[in-house]
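Colleague: Read off the chains here:
There are 4 protein chains.
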Amino acid sequence: MQTAELLTRPSVPAMDALLGYAHPVLGHGFVRLIDYMGDEPAVLQAARVSYGKGTKQSSEDRGLLRYLMRNRHTTPLEMAEIKLHCKLPVFVARQWIRHRTANVNEYSARYSILEREFYVPKLEDIQQQSTENKQGRAEAGLTEKDRLYVQQQMQLAGDRDFDLYETLIHDGDPTDDPGLNVARELARINLPMSTYTEWYWKVDLHNLLHFLSLRADPHAQKEIRDYANTILKIVRQWVPNVYDAFVDYRLDARTFSGQEMAILRRALAGNPGAMVQIERSLGQSAELSKREINAFISNLRGALTDV
Amino acid sequence: MQTAELLTRPSVPAMDALLGYAHPVLGHGFVRLIDYMGDEPAVLQAARVSYGKGTKQSSEDRGLLRYLMRNRHTTPLEMAEIKLHCKLPVFVARQWIRHRTANVNEYSARYSILEREFYVPKLEDIQQQSTENKQGRAEAGLTEKDRLYVQQQMQLAGDRDFDLYETLIHDGDPTDDPGLNVARELARINLPMSTYTEWYWKVDLHNLLHFLSLRADPHAQKEIRDYANTILKIVRQWVPNVYDAFVDYRLDARTFSGQEMAILRRALAGNPGAMVQIERSLGQSAELSKREINAFISNLRGALTDV
Amino acid sequence: MQTAELLTRPSVPAMDALLGYAHPVLGHGFVRLIDYMGDEPAVLQAARVSYGKGTKQSSEDRGLLRYLMRNRHTTPLEMAEIKLHCKLPVFVARQWIRHRTANVNEYSARYSILEREFYVPKLEDIQQQSTENKQGRAEAGLTEKDRLYVQQQMQLAGDRDFDLYETLIHDGDPTDDPGLNVARELARINLPMSTYTEWYWKVDLHNLLHFLSLRADPHAQKEIRDYANTILKIVRQWVPNVYDAFVDYRLDARTFSGQEMAILRRALAGNPGAMVQIERSLGQSAELSKREINAFISNLRGALTDV
Amino acid sequence: MQTAELLTRPSVPAMDALLGYAHPVLGHGFVRLIDYMGDEPAVLQAARVSYGKGTKQSSEDRGLLRYLMRNRHTTPLEMAEIKLHCKLPVFVARQWIRHRTANVNEYSARYSILEREFYVPKLEDIQQQSTENKQGRAEAGLTEKDRLYVQQQMQLAGDRDFDLYETLIHDGDPTDDPGLNVARELARINLPMSTYTEWYWKVDLHNLLHFLSLRADPHAQKEIRDYANTILKIVRQWVPNVYDAFVDYRLDARTFSGQEMAILRRALAGNPGAMVQIERSLGQSAELSKREINAFISNLRGALTDV
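As given, the protein sequences belong to chains Z, Y, L and S, one line each in that order.
So in the working numbering, spot 10 of the first sequence is number 358, and the numbers just go up one at a time.
So in the working numbering, spot 289 of the second sequence is number 637, and the numbers just go up one at a time.
So in the working numbering, spot 91 of the third sequence is number 439, and the numbers just go up one at a time.
So in the working numbering, spot 226 of the fourth sequence is number 574, and the numbers just go up one at a time.
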């Protein structure tokens, strides 16, 4: 391996231009790029230490990145890292923190006083419970007046909770009022889950993509999806070919069970015209490699030889 | 190694007697033992696979457990596992979940409706902000009347927030009221952080002890400390010798920096009577092994030979 | 939630019957079930704490387990745990240990003396380098005589290395030979990577299935595949419906990229007979739920509504 | 928080000067700095998001870093990351990989051919088994001649194993020899554990320090200690104040159990001169903060008020 040469740190000009900029999300929230480590060549470098001399001839970087994504060879993607400063409502933070493979430093309301900032949904985002999707929203069902009413009540409730918070933590003023000066860790327990918190969040690219595949998904709650979509735009700047492969092999991909594959294979075998059309389309595809085409066809035909 | 013999699952009668019992914590909260894997012999078995024949002669199980704890050989402690069902306020859950090496399934307020249950501190737990400890409470400073006022306000605020929640999620009744039927994932964002949630939490013994060392610590917030102390009692039933070693080598232990050790060593060298007294006490100790005594003395004298 | 009732520990008679039995793998290796925590109801219990009242009506346990697997809701699978005692060659252990979310206690050759046990492949497993698969073996290419030669050389080389090891660690005998008594940690460095080691390995069911999906895969090295297949049989005894869902949704499933889905959808739209046949097959399937059928068809048609 | 200002990436000139340089370790091994993320201000920045306004006045950066280390507030240290390229014998790699919280891409001997490079200890490192330390070496006991003999045997054994390897993988030459061309994944299993491998290893500063505290320890095997000590020098360049605090609070620190503290406290109480001398030394210390001094004294006196 090339051990003699000195290095300079990999950098991505498009990312350097973003450093420190607060991408707005929701009302008071944001996502801010603080730092990053590595770029696409760094991912490839790690992939090639694994494959060693055996693949040094592979000059097609984009192809190798697609290969990694297709075959879930995820360790090279762990070699790039990103650090974000986020401001987000507590109920979003609670979903986010379930992703354990990350580093977090959160604003502590035991030490510090919280700003009067809480999330109130926009009118168009106030929706009824979905009957189909037990964890989601239905688009129709609320009148404009209903939405306005809900929004106002949420605003009022949050303000009332912050009024109490400020009364509780008030530590007096010189003239007369001694203030209750209740411990911060206690005064904050009545604040709503819509209250904004902040954190530094650092994660590697593989685990970031896993987070995004779950949180940019239509089944994720709309509010965390907004954050995921903002971060996706940053990823696109950072590692554009990885981003494309991620969209193709994760976001837009579909998985069929063994049972479903059997049904599909039978239907294709019984309708040769469909298979002919598939092979014709494959022949015209500029993007798919010979290897991918072979794997695709053998998947549809049932043989077990995808590499 | 003993590979021929068949096994029965290790069990601890004192734990079996606890299974399913909800130890009350705070107002509506609890900790319930659901299941456990392994016992003290299972920890020792794992320790001995590492040390192999080299330590098979070590017949003193208690001594080996103390040795593991003293030398932070933590992997054998990972071989025991516990599963708890907990009910706890969201602000406690947020501190708890920072411990990443655990498995969690939490009640989802996106799917399901929350009960009207929130934590209101007892009068004696309502305290002012500490001036010494920026993240803590001061014992003095609030009158009985102040405390009552704070408690009432917290009760009122929580009730108001749940009133709104119930209005928002109400999905109508047959006669007249159509109900707003706001999506659950949205209606819950104004509930306070004192709202109770529930989860199944599964963790290995090593990571549980790490959790307890931080959360049973006087600097942890009183409310999570109540949970930690409840769990400590369960640990004592489960692995009593590990518990004793944990108290001695973690909870009651003190660490001195290199600088502090230099100062301490100089003082002991300059006051031979102190060292004489230490050695006399050590001679009378029934618990400390010869190895521990040697390590202790060499630490105080400055040599670097603790095994 | 049901908090009043006391519990007994979940147990699986088929697993209890396996406890301690050493399933042979490779020459000297084995996999031995030491303990387990939880069963299928324990996974379902954890799933239902998440979904809460919202899904209590779901009486079909098998359907819920399939739903979890299909939608990669993996946290309930983390609520079951297994502990295995394995004996395995070092080169297999090196592949195995890359799975980080597990607990391990390994035999230490710094403390203890290694037995003269190393892996020598059977004749039929001695194969040439594959030209297609850069990391695999080709079935043809070696004569019977070649294979015998290779096997003998491997046996001789291992024996020679152990001869040296035993000379180095020999600590003398009463009569004459003082022995070199070289430190164990040093004497073992010339032993081959085929040397057997042992460990206790503890992992949750989700991470175990992930391990198995990679190591029972045809692209995994044959030797670790033998271990994976042995463990798969234990999983089948432990959680039979989870096992079935795993085979259907992981081992036998196929994933198609966005590009491939576009080609497939176009071919099906252009050949209506194929789609008719698929829908007819679906109608005859006893296993697929209505929800799965809808998701499958909408995936093939291109809508984005799979729940 | 400062959200408006744009940022430049933190960099450390002393580290930039090291990038790519292969620090030699053992015979053929090395540690090479590939990339890093963050510096001391980045650690402080993360610490201060936690403490928020409550500690912004803390202008003493060095003091805050020491505070983090003393109180094991480790999450801010997770905000810095380092990536190393290492070449190391397999038996060292096996100890190293036990540290699970890191990212690794290792050279694959399934894909690629291994160089004829294996570790042979220097004469002075060839030692006998320690009788005191079951996992260590004794300094005395082998004659110069013995050491030479051991070294030669190790050289011969490694060469023999590589001779076989090269015979097995030889894939023929144009003239006559067809070559066995045994699959790489199989041919390598007889290579010794002293064979060198390579990997990219990426880890956050907190987990790196934990690794170093265990692997730079006198009880670690000499060979991995050589790597740890090399990395320690890089850490010193990267985050000099963190390094100092690490040496003081970890490497040079000593922990006393509850029992030992009781004995120590009694001896100090019974010998007032010792305590007087300690307090005098503390008064002269430039480094220890008032807070540290108070905590130290109260630890020695037995009160439980260290913050």
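Honestly, I wouldn't trust all of these hints.
Remember, identical chains collapse to one label, so a pair may be satisfied in a single copy or spanning two.
Said to hold, decoys possible - Simulated pairs of lysine-lysine, DSS-like, Cα-Cα distance not exceeding 30 Å:
no.	residue 1	residue 2
1	570	638
2	482	638
3	581	493
4	470	581
5	638	493
6	493	470
7	470	638
8	482	493
9	570	581
10	482	570
11	470	482
Hints are computed from structural coordinates only; laboratory data are not their basis.
Colleague: Next step is simple, just say for each hint if it's right about the structure.
Modeller: Here is how each hint holds up against the structure:
{"no.": "1", "hint": "570 - 638", "verdict": "between (39 Å within a copy, 27 Å between copies)"}
{"no.": "2", "hint": "482 - 638", "verdict": "between (43 Å within a copy, 16 Å between copies)"}
{"no.": "3", "hint": "581 - 493", "verdict": "neither (35 Å within a copy, 54 Å between copies)"}
{"no.": "4", "hint": "470 - 581", "verdict": "within (23 Å within a copy, 48 Å between copies)"}
{"no.": "5", "hint": "638 - 493", "verdict": "neither (58 Å within a copy, 37 Å between copies)"}
{"no.": "6", "hint": "493 - 470", "verdict": "within (13 Å within a copy, 41 Å between copies)"}
{"no.": "7", "hint": "470 - 638", "verdict": "neither (49 Å within a copy, 35 Å between copies)"}
{"no.": "8", "hint": "482 - 493", "verdict": "within (25 Å within a copy, 46 Å between copies)"}
{"no.": "9", "hint": "570 - 581", "verdict": "within (17 Å within a copy, 42 Å between copies)"}
{"no.": "10", "hint": "482 - 570", "verdict": "within (14 Å within a copy, 36 Å between copies)"}
{"no.": "11", "hint": "470 - 482", "verdict": "within (22 Å within a copy, 37 Å between copies)"}
Hint check: violations occur at hints 3, 5, 7; the rest are consistent with the structure.
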